[in-house]
Amino acid sequence: MSNPQQTMSRRDFFKASGLVAAGAMGGPALLGGLKKARAAVPAPAWDSKFSACDICFNKCGLIARVEDGVVKKLDPNPKFLKSRGMLCARGNAGIAQVYDPDRLKHPLLRKGARGEGKWQRIPWDEALDMAAQKMEEVRKKHTPCGHLFSAGTDLHSQFVSRFAEVYGSFNVTSHESLCLVSGNRAFLDTYGEVPFADVLNSKYIIMAGANRFEALVTPDSMDLMTAIRDHGCKLVTLDPRYTKTAALSHEWHPIRPGTDMAFMLALAHVIISEKLYDPQWVAEKTYGIELLAEHLGPYTPGFAAEQCGIPAEDIARIARELAAAAPASMVYPGRRTSDYEDSTQIRRSFAIVNALLGNWDKPGGLLAARQVGLTGVPYDAPWYDENRDDRIDAHKVPMMFEHEGSFVVTRDAVLNDDPYPIRGWFVYKTNPMGTAPNRKKTIEMMNRMDFVTVVDIAMSDTAWMADLVLPSQSYLERTDPCSGLQGSVACACVVKRDPVIDPLYESRSLFDIIKGIAGRMELGEYFDFTIEEYRKQQTRDIPEALKVMDRDGVYYNPSKVYGIYDGRIYKTLSKKIELYNQRYLQMGLDPMPVYTEPARTPANQFRLVVGRDALTTQSSTANNSLLREFEPSNTLWLNTRAAEGLGIRDGEKVEVSSSVGRQELAAEVTDRIRPDTVYMLSGFNTLSSMQTRSHNNGASINELLEDDYDAVTGNAAMHTTFVTVTRKVA
Amino acid sequence: MNRNLIVALAATLITVFAVSMAFAMGDGNARKGKFLYRKNCRTCHNGAEAPDLSPADRTQAEWKATFADTGKIKCSGDWTVNEKDLNDIFTYLHDYAKDSPSPAKCS
Chain A
1 MSNPQQTMSR
11 RDFFKASGLV
21 AAGAMGGPAL
31 LGGLKKARAA
41 VPAPAWDSKF
51 SACDICFNKC
61 GLIARVEDGV
71 VKKLDPNPKF
81 LKSRGMLCAR
91 GNAGIAQVYD
101 PDRLKHPLLR
111 KGARGEGKWQ
121 RIPWDEALDM
131 AAQKMEEVRK
141 KHTPCGHLFS
151 AGTDLHSQFV
161 SRFAEVYGSF
171 NVTSHESLCL
181 VSGNRAFLDT
191 YGEVPFADVL
201 NSKYIIMAGA
211 NRFEALVTPD
221 SMDLMTAIRD
231 HGCKLVTLDP
241 RYTKTAALSH
251 EWHPIRPGTD
261 MAFMLALAHV
271 IISEKLYDPQ
281 WVAEKTYGIE
291 LLAEHLGPYT
301 PGFAAEQCGI
311 PAEDIARIAR
321 ELAAAAPASM
331 VYPGRRTSDY
341 EDSTQIRRSF
351 AIVNALLGNW
361 DKPGGLLAAR
371 QVGLTGVPYD
381 APWYDENRDD
391 RIDAHKVPMM
401 FEHEGSFVVT
411 RDAVLNDDPY
421 PIRGWFVYKT
431 NPMGTAPNRK
441 KTIEMMNRMD
451 FVTVVDIAMS
461 DTAWMADLVL
471 PSQSYLERTD
481 PCSGLQGSVA
491 CACVVKRDPV
501 IDPLYESRSL
511 FDIIKGIAGR
521 MELGEYFDFT
531 IEEYRKQQTR
541 DIPEALKVMD
551 RDGVYYNPSK
561 VYGIYDGRIY
571 KTLSKKIELY
581 NQRYLQMGLD
591 PMPVYTEPAR
601 TPANQFRLVV
611 GRDALTTQSS
621 TANNSLLREF
631 EPSNTLWLNT
641 RAAEGLGIRD
651 GEKVEVSSSV
661 GRQELAAEVT
671 DRIRPDTVYM
681 LSGFNTLSSM
691 QTRSHNNGAS
701 INELLEDDYD
711 AVTGNAAMHT
721 TFVTVTRKVA
Chain B
1 MNRNLIVALA
11 ATLITVFAVS
21 MAFAMGDGNA
31 RKGKFLYRKN
41 CRTCHNGAEA
51 PDLSPADRTQ
61 AEWKATFADT
71 GKIKCSGDWT
81 VNEKDLNDIF
91 TYLHDYAKDS
101 PSPAKCS
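Each protein sequence line maps, in turn, to chains A and B. When you line the first sequence up against this note's numbering, it's residues 1 to 730, in that order. When you line the second sequence up against this note's numbering, it's residues 1 to 107, in that order.
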């Protein structure tokens with residue numbers, strides 16, 4: 001342990017290797033420096049194989065250390081710029097997911113009642129025959145749209161969309177309508193695309209409701225730390241919780257939940273009324289400044305102060321500081337926006353403040369998407385005349401994303417056969433039973449189904465309620481298509497995965513499973529290729545990419561970072577950044593965000609809010625043995641003063657009740673949360689007893705959450721639930 | 001002055017005409033249009049024989065202008081689609097244009 005390399009801090013290591021500077025520039029400049037730094041480390045006995053992490057959506061580059069066919073350790077790929085050459089605690093704990101004894105090992109067919117947990121092991125051929133036969137039956141009886149397809153974030157998920165399309169169903173939902181679609185909608189409808197945040201070069205950042213030092217997004221989480229520690233960036237956080245992001249911020253304002261729009265509109269009010277923006281830039285690049293100025297009249301700092309519980313002079317000061325740092329300043333767009341019924345309009349107010357800062361396409365501001373060089377792999381799906389006209393959730397909200405759908409709206413439609421029945425469900429690596437609000441409704445939805453097939457690596461709660469459960473390979477066991485990633489200012493890159501170890505048990509890749517089912521339904525021609533052939537097609541415009549990925553674990557496309565929009569129109573109706581959205585007006589929506597006060601928390605109740613820490617990815621990490629060592633269970637964050645009023649002491653068991661459910665867990669009495677708000681982590685108290693570390697452990701937040709949704713996109717609204725908390729008498 | 005007025009008037013009339021022509025198309029079946037586009041158009045518009053085409057290559061207004069007079073589209077002489085199918089194809093291209101609420105993704 002006396003190796004000087006090992007006693008060096010990571011930051012020193014990066015400084016020595018020149019990675020900090022090179023990372024800021026992107027490109028291959030760092031490679032020489034790294035080779036020098038690594039040359040001092042003696043060659044280990046293990047094989048080292050590149051892969052990309054799959055414990056959350058970020059896909060950080062990693063190197064698996066393999067001995068005798070067993071992964072011993074996962075290390076970061078130092079050449080992976082998007083994660084700044086790092087791998088987080090969850091990434092390191094990926095090894096416990098792959099070797100979890102609770103993993104699904106062979107196909108299982110339900111034997112008892114749904115959710116009873118009685119299963120029969122069956123051979124693969126029988127399982128694929130059955131899946132194909134049941135899917136054919138549903139299609140015959142209920143048309144192709146009578147079958148729903150849901151897939152999570154995964155490099156194989158594109159094959160679920162392809163399968164749905166060639167089967168003939170328009171009904172595909174992703175996880176995103178439980179997460180970020182309203183934020184994407186807001187920025188798309190303002191800028192014509194969804195931006196990346198150049199936090200590394202920003203001088204002033206407002207972090208509203210996002211928790212970037214715990215809910216990690218690469219490279220934003222690392223770049224934000226570099227920005228505030230090394231670059232003099234000021235960080236102002238608005239959050240009802242004292243998160244680790246709040247703790248590391250220059251200012252923390254425990255904002256009243258649901259009032260962020262009032263804060264943003266007041267910032268805009270000050271910036272416009274005090275003429276703190278660049279008038280030439282705003283005139284040239286934006287649409288509707290006069291209309292906005294008029295609209296903002298009532299939204300003064302004084303008005304916002306009453307709503308947010310933040311002093312008016314602070315709001316005005318923050319507006320001035322933000323504008324003074326412009327264009328290298330921003331309201332951070334955030335990621336999960338599934339909070340309120342006007343979550344699109346709330347994020348429109350974020351987008352509008354950014355527009356006034358003139359930070360688009362500039363250092364320290366919001367960046368446009370860059371070309372990675374991958375191309376699509378086209379196919380010609382058949383057409384079925386005997387089909388429904390549209391998705392089951394169509395026309396229920398005005399601006400849903402066709403390719404994401406709305407899970408909450410779809411579920412209501414399925415429960416009511418409105419406007420038609422859905423009786424089959426194919427699910428891959430997503431767990432709506434554990435992630436969608438109001439779990440009882442998802443159970444009801446399951447009970448509407450004739451046949452549900454779930455493909456996953458673990459017996460998730462969704463799998464637990466299914467008819468047929470098929471074991472898929474983990475990310476370290478399979479061959480994956482290429483995926484293009486943009487890491488903000490760090491890079492635009494391509495990754496792929498190849499097997500690091502042989503597949504465990506009888507697991508198969510999703511692609512092979514679909515190929516098997518489709519082949520039995522005369523749809524085999526749409527999957528008549530190998531992943532290697534598919535990757536060649538994806539990389540036909542960058543033929544060197546596959547070899548570079550074999551050598552480095554990642555391929556970079558050195559495309560332009562800033563000034564992408566020089567001489568280019570914005571992809572909006574006005575061809576400019578839309579402060580005022582004309583299409584919204586046409587559709588009967590507010591063309592500029594109109595603030596509606598959130599419901600006041602009733603006496604003796606609390607608003608329940610959702611959040612993450614750095615050890616949690618939705619429900620998929622709750623059974624991870626390494627992560628549970630750090631965090632054995634979830635707790636209810638309850639403010640010290642509120643707890644005193646209720647006679648609840650730290651660590652005591654409490655009952656939490658909402659209009660839809662009831663759960664029990666230990667109270668964590670703390671000053672790190674507002675007195676009117678409570679919080680717990682997700683993923684715990686699973687229905688599935690084959691998740692031994694999360695079953696009967698803590699409380700399920702989605703059992704408690706009501707299922708409101710954003711009026712524009714159908715994104716779930718998960719901050720609208722009020723709960724009562726009482727001490728559990730033993 | 002008079003000449004300018006006439007030019008302006010003519011330009012206005014042309015715009016009104018073009019827009020009214022364009023409005024004659026639309027409200028077709030975009031899903032069917034996607035299928036028909038793949039079947040009829042992508043056979044040539046595949047990046048080899050003719051340029052690759054995606055709805056997101058143009059704005060909604062540009063698609064309207066393109067389809068206002070299909071006779072001006074180079075390959076239109078080779079088309080075998082009927083008017084209804086053509087309208088479905090237009091609806092697909094228009095509804096997933098780059099400034100549409102759901103811009104088409106690649107493929």
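Watch out, some of these pointers could steer you wrong.
Cβ-Cβ distance ranges computed for the label pairs, FRET-style [as the list claims (entries may be wrong)]:
#1 D129/A / T43/B: 32 to 42 angstroms
#2 A43/A / L53/B: 44 to 54 angstroms
#3 H250/A / D69/B: 56 to 66 angstroms
#4 L53/B / N387/A: 23 to 33 angstroms
List time: in silico SDA-like cross-link candidates among lysine to any residue, alpha-carbon distance up to 25 angstroms [stated by the list, open to error]:
#5 K32/B / K441/A
#6 K32/B / K118/A
#7 K105/B / I564/A
#8 K118/A / Y379/A
#9 K32/B / I564/A
No lab work stands behind these hints: they were computed from the structure. Cβ atoms here follow ideal geometry from the backbone N, Cα and C, with glycine treated the same way.
We went through each hint and held it up to the structure:
1. In this structure the hint that D129/A and T43/B lie 32 to 42 angstroms apart at CB holds, the actual value being about 36 angstroms.
2. Between A43/A and L53/B the beta carbon distance is about 52 angstroms. The supplied range of 44 to 54 angstroms therefore holds.
3. For H250/A and D69/B, the hinted distance range of 56 to 66 angstroms is satisfied, since their beta carbons lie about 60 angstroms from each other.
4. Between L53/B and N387/A the C-beta distance comes to about 25 angstroms, which sits within the given range of 23 to 33 angstroms.
5. For the suggested pair K32/B and K441/A, the alpha carbons sit about 33 angstroms apart, so the restraint of at most 25 angstroms is broken.
6. Distance restraint check for K32/B and K118/A: the Cα-Cα separation of roughly 43 angstroms exceeds the 25 angstroms cut-off, and the hinted pair is therefore not satisfied.
7. Of the supplied pair hints, the one linking K105/B and I564/A holds, its CA atoms being roughly 19 angstroms apart against a limit of 25 angstroms.
8. Under the criterion of a C-alpha separation no larger than 25 angstroms, the hint pairing K118/A with Y379/A is inconsistent with the structure, at around 40 angstroms.
9. For the proposed pair K32/B and I564/A, the alpha carbon gap of about 35 angstroms is over 25 angstroms, so the pair is violated.
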